[in-house]
Amino acid sequence: MRMARMEFRLLGPVEVVDDSGRIELAANRLRVLLAALLLQPNRVVGAQALVDTLWEDELPARPRSALQTYISRLRTMLGTPIISTEPAGYMISVQAEQIDLARFRALVSTSVETADLLDRKRLLTDALSLWRGEPLAGLTAGSLIREVVPVLAEERLHAIELLLGARLELGEHAQVTSELSGLTKRHPLREPLWALLMEAQIRAGRPAGALATYSEASRRLADELGLDPGPALRRLHQAVLATDSRAAAVRTSREVVPHQLPSVGRGFVGRGRELAELDQALLGSIGPTSSVAVISGTAGVGKTALAVAWGERVAAEFPDGQLYVNLRGFDPSGDVVSPEDAVRGFLDALQTAPGRIPFGSPAQARALPDVGGGPTAVDSARQRPYCGAGATAASRWAWLSRGGDQ
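Note that the sequence shown covers residues 57 to 462 in our numbering.
These are calculated hints, taken from the structure and not from any lab test.
Be aware that a few hints might be false.
Derived pair list, reagent style SDA-like, types lysine to any residue, alpha-carbon separation capped at 20 Å [to be verified]:
1) 241 with 190
2) 241 with 230
3) 241 with 284
4) 241 with 274
5) 241 with 211
6) 241 with 286
7) 241 with 202
8) 241 with 277
9) 241 with 271
10) 241 with 229
11) 241 with 194
12) 241 with 281
13) 241 with 186
14) 241 with 278
15) 241 with 189
16) 241 with 175
Taking CB as the label site, the calculated pair distances span [said to hold, decoys possible]:
17) 75 with 299: 19 to 27 Å
18) 141 with 189: 28 to 36 Å
19) 115 with 282: 35 to 43 Å
Computed from a prediction, not measured in an experiment: that's the story for all the values here.
For glycine and all other residues, C-beta sits at the position ideal for the given N, C-alpha and C.
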């Protein structure tokens, strides 16, 4: 008998599958009728409710007779007497495991009661694997779509949140952060997703990212709903601020001395005249103001080597540290590093407290002099990286801005 092996699918296009394969239900109203019965399995669904679902405002001349005709056609196509006529309507008699929606709900319910994180992750992964797309996809049934699909979509999102929470507890911070970044873009008004993203960033050691996430969530909620963030988001925000204050107190008790210059290697020789010119141009400018020296030339002539060699040569003049960034201007192996990312790298190298790093590239560029104690340089041309050596004290910075091979 076909019924024992029959499977009904609602989490995607409405389908019926048995041992021989998929049972074709070409007519839209047959699929709508089946879905309406399966959404209330083993319960009587009123005849009038089925009529309203199938035809809404376009009722046939004899709606009850038309409904009986569709019931008869559906019974014939299923090939098994699982749809019974009751005094108040019709009922489909199936086992819960035959319906993907019922299996999904059972797996999610079991996962919530499971203490073991790996088991919870497995159960939720299995539950979400039952989804094949939008629920009831392809149906033309206004009331069913309006009333049922949002509820099912909510259940799916809740299961996704439970799974991401379990993975977060298992230490999958990086992967979870990446997935949540996409989910918050698709569901910008869903606070639990923003809260999970903040928690993932905090656990990954990215408090600045968590603060930026809170700012973005606050803006979205205010713009779209006129609301402030809820308690969960506010608690995470306060936790980041409290942690950042403690970290900042530790950082201010010790000196941050970045040494980022790469080694120029033993192959660097000569360039005495150019090094002397750099000394004259840059060391002579130490004081409340600074100068910029531009090293120009075709790719491969040694502009970077000269800049780094000069930085090593005068490092003692900058006892508070040296900063360096390779913007990969002509590097075929990767993307060009933007000036914005370079500035953020300098702020991180100086171990700037996340709470002191403003949101947005222009504000971060303006903040760099305050953090370092001296001026900075930001070039809007992506092909012009920076190599710099500088001190974070006494307003002593020397920058070599170049347009070249790295």
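- Item | Non-conforming hints, listed in increasing numerical order | The structure breaks hints 7, 11, 13, 16 and 17; every other hint is satisfied.
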